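Asks: Residue numbers (the numbering used here): 10 to 1178.
Quick caveat, the hints were computed from the structure, so don't treat them as lab data. Keep in mind the model is a prediction, meaning the values are calculated, not measured. Where is the CB? At the ideal position from N, CA and C, for every residue including glycine. Any given hint could turn out to be false.
Using 20 angstroms as the maximum straight-line C-alpha spacing, the simulated DMTMM-like pairs for lysine to aspartate or glutamate come out as follows [stated by the list, open to error]:
id : residue 1 : residue 2
1  : K84       : D33
2  : K1148     : D886
3  : K587      : E544
4  : K323      : E274
5  : K84       : E139
6  : K1056     : D1034
7  : K893      : E931
The calculated label-pair distances, taken between Cβ atoms and stated as ranges, are [to be verified]:
id : residue 1 : residue 2 : range
8  : E544      : D926      : 23 to 29 angstroms
9  : E116      : Q592      : 28 to 34 angstroms
10 : E680      : I977      : 50 to 56 angstroms
11 : D926      : T457      : 41 to 47 angstroms
12 : E544      : T47       : 55 to 61 angstroms
13 : L849      : P230      : 28 to 34 angstroms
14 : Q197      : E1009     : 53 to 59 angstroms
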Amino acid sequence: MDPEQILETANVVLFAYEQRYLSDVETAILLGAIADQTYEEIAESAGYSINYLKRDIGPKLWRSLSAALGEKVSKTNFQQALKRHHDQAIPPAVATPAQAAQQDWGEAPDVSFFVGRQAELDILQQWSVEARCRLVALLGMGGIGKTVLGVTLAQQVQSGFDIVIWRSLRNAPPLETLLTQLVPLVSQQQATQPALPHLLPYLQTTRCLLILDNLEALLQPQSIGRFRPGYEDYEQLFQLVGDASHQSCMVLTSREKPSVLASREGVELPVRSLTLAGLQAEADAILTAKGLPENRDLRHQLIETYGGNPLALKIVATSIQDLFNGDIATFLAQGTVLFNGVRHLLDQQFERLSSLEQTLMYWLAINRDWTTVDTLQDDIVPPVSPYRLLEGLEALCRRSLIERQGGRYTQQPVVMEYVCDRLIENIVAELTTPELNLFISHALLKTTVAEYVRDSQTRLILAPIAQEFRRTFAAIASLEQQILRILTALRQTETTQSGYGSGNLINLCLQLGLNLSGFDFSGLRISHACLQQAELCNTNFSQADFSKTLFAEAFATVSAIAFSPDGRLLACGEFEGKLYIRQMPNGEIINVIPAHSAWIYQIAFSPDGKWLASGSHDYTAKVWEVSTGRCQHTFRHATITNGIAWSTDGTQLVSVSNEPALHFWNVATGEPIKTIPTQVTGFSVARRPTGDRLACSGRGNTISIWDAEGNTLLNVLPGHDNTIWLLVFSPDGKGIASTAQDGTVMLWDLATATGRQLHNNTSIMVWWLAFSPDGKTLAGASLDSTLRLWSVETGQLTKTLSGHGGNIWAVAYSPDGRLLASCGEDQTVKLWHSANGDCLQTWQGYSLSVWDIVISRSGQQLISDHQNGVLHVWDLDTGSCIRKMQGHTGLVSSIALSPDDQVLASASQDCTVRLWDIHSDECLSVYTGHENVVLSVAWHPDGQRLASTSLDGVVNIWQAQTQDCLQILKLGILVATADWHPNGQILATGQQDGLICLWEVSSGACLRSLTGHINSVLSVAFSPDGKVLASVAHDQTTKLWDVETGKCLHTFGGHSAWVVAVSWHPNGPLLATCSQDRTVRLWDVYNRDCRLVLEGHTNRVKAVRWGPEGEWLATCSLDETIRFWNSETGECFKTLRAKRLYEGMKITEVTGLTEAQKANLRSLGATDP
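Turn these sequences into a full structure, and let the hints steer you where they fit.
Replies: The structure is reproduced here in structure tokens:
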């Protein structure tokens, strides 16, 4: 038997004999004895005293096991005795209820110890199965057994349902969070949007049983039956479930009845409620399990006194054992006040706890999840010895105040809520006085827990404290004055003792919405502060000691991600060209490499993990030494580099680009080995894990299978209808997964050359794919901000993970398959638990890269569009930002100002177009007609219409005032840009395939197609007189076209990277272009030469606009600046830069931060003179 089996058998026999499990100290003794350790060695490794183990706990343990096993047991023979019992034990035949087709039990508790309630079970079974009630409420006081009854009911009736889902509301999830889980489950992953209209159809077509536990967490404490602020939309959920006709059943457990149920329930109606009374004779089993004497009358009196409440009886029985040696009569003779609720009982119990035990109770309530001893040891200040800590936990277990499972501890929901309420009440009281105790000794939220736990800490601890604090100090002035008083008290206290006070105060201020700019936290200890989105301009942290504090990080959108083969590193590649290497599991950035000058499309570790390869749209693939960040080799292509793949021995790299070829490179020498022509431009290349096959794909809509050296084309797999973005081999090498621009994801069997479709939805395109290491699951990164997980065996979508705020660009499994990493347009890198889908960690990037600008016709204002989706309005006379416009949930791709300078249009990667009043910053309307990322927007000359282009291959023409979509042009391919002819009758569009189309708007017909660019067209612009069209593209060229004939008049070459934008001088003969090569060029259209090259930006230039008279022009860049240039001299005469998140924040002589962390803060504006 292995140690785990020995412990399991010991727990079984102890529970059968004494109705208890092994304690932590007993477990330590058994494990030490298994390892042949002496008591002295066990004491040293586990942190106990030798006498405690050898003379107290050890002998008691052997006596208990001897009695349970019926033979003499000692430290030397217990393994043989337990093995004999294990081998002789015959597992009983248990009748297992027929199971539902799909089950998701969430964190449903174990209900193996369930007594009584048969009458209630019969009623609930009749309501849910036979009467087909739609909404059932299971009501009763805390600890009465609602949760256990609800789980038992679900287990017994599950055969009557297609889907069974159990969810706890203990952590008060917002309705959107709950629907994010429920909608995909009840729809069997067919729908993902967390909206009520998406829930009902599946409740109608599928028989679902939904159990929502602990509803009282959403209700107001003072207003019976009413929902807390921010949770009112739950009332709509219960109205919908109760009123609408469907075949499903929702069961709620709650300590009080929501008013929305009270008006709908009835004995013959589909909405009903059952109130649980206390247990009677059945409660006797609880007292037996607790070892109280068999005295029927005294037990009956005890049960009556405490209303048959199971939790109360467990707690009281423990007190009787501890304080009265099991004598019920002596306990009752004390004149105990009749039980009037668990809270009164918990008040009595809590007051009897030692200071350490109270501290442990507070920390378990704060941690809100199963907590290890090591975590508690790290939490408690001042620190306590392991022995005292375990002693305190044992005492709390004996009192039935906490639960234990495999060396981890937590509290029942009713106990956790009580302790949280007590903590909140005491801290609010402290904040109104100079005496700060709990506020210093306990963290209100922790940055070291999983993100979903931290969210619940914010909702259920920090937010209520902030609400009560604001109620006490309603005026902003008095609120800020009290904050300063607390800060003064902390400065006096925390100079002599370490604590959590300063971090708590910062988190509290941020929860209150206070601006911390200019605050002085110098010299303080800052622990567990969550500063990822906090504006801290000119905040003073000089000589502060930071611990476990989260900051934003100076990275922009991450486009590629990969785990090292040993799982110890996570590499991230940016759109802006940097590589970040993170140390796992804490995610600390250990190296930042300025790797490329453009989008990093893919990264991959070598098989031995010593090298990292990157493929970029700057026309290169590079190989980096992981340990040093040194560039070993640069492999140059004739156009943008896309996919890369290592050979299995790590000696070769193969790459594909926008030219039709496979490129083989020698990693040792950096020399090209050979180039194999292919039929299509390459987007992706993958090598079979066995090394004997290559697969590549691109714009040809097919997958090509080659031998390992690329010498022989073995097969071609058709099936997609558009560009195939990515290929990935399954771990066993028998299959390939592919995703394409037509919205499909396919799995291919290489032996039969057949494919099956997993996904087909053009509005939810999947950009990236990754197989789990065991090959059972395929993960997809979607452009609808979700991660999708499919079963490889069945092809069914099994889980949808939500949490990103924009397109997700890449996903990767850790080598052990336990973690998923993803990166998205919202400037985050997220870490997920792959089994349950919980978000464990988010690293928040921050960048104010400027993507587009427009200038008012008066030349007095400029509007800029930044990486974070915020639009800034600048006064050009003063150079100051005077207003901000926020509303988009994704990056804004393009902005355009109406001809009358009154309305701004913005196109976003959140798939919407918004119109803004530039004077009031009001969002006037939101257009939602596109199914995917909106790339550009352009006003019609009359200011009444506008055109938008999208990744979905559609151009929409909108009526500005009514929001009506007047016309749809379906091109079937990514459309990056559009511009109106000055006469308003022609619309020019630029496409991914290099084609430019001139459309007659009245008929929707393509008048002519302009061919000449060999890559994506990024910008088009008509000359002021409408006779010439200028275009720029990936191919690094600028072309001039005769609008009448479609003839290419001239091609300008000179930029050394993509040319991304073009703009005509107001008077026509001068053309400005900007490029990813960080320069702006001014072209003389008549003389066909370059007049000026404007240099000064330190990153890619994204847009160029002329001033009203053409005397100057403005440019914006990913270097976060807007520059103004004299068009005659090329001089840069002004630079604007928006304030960064930590602009002017003082970090002089801070401690607790690494040099890399300090450098990160400085790049976000902090100063360290």
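Asks: Run through the hints listed earlier and report the numbers of any the structure violates, in increasing order.
Replies: As far as the earlier hints go, 3, 4, 5, 14 are violated by this structure, in ascending order.
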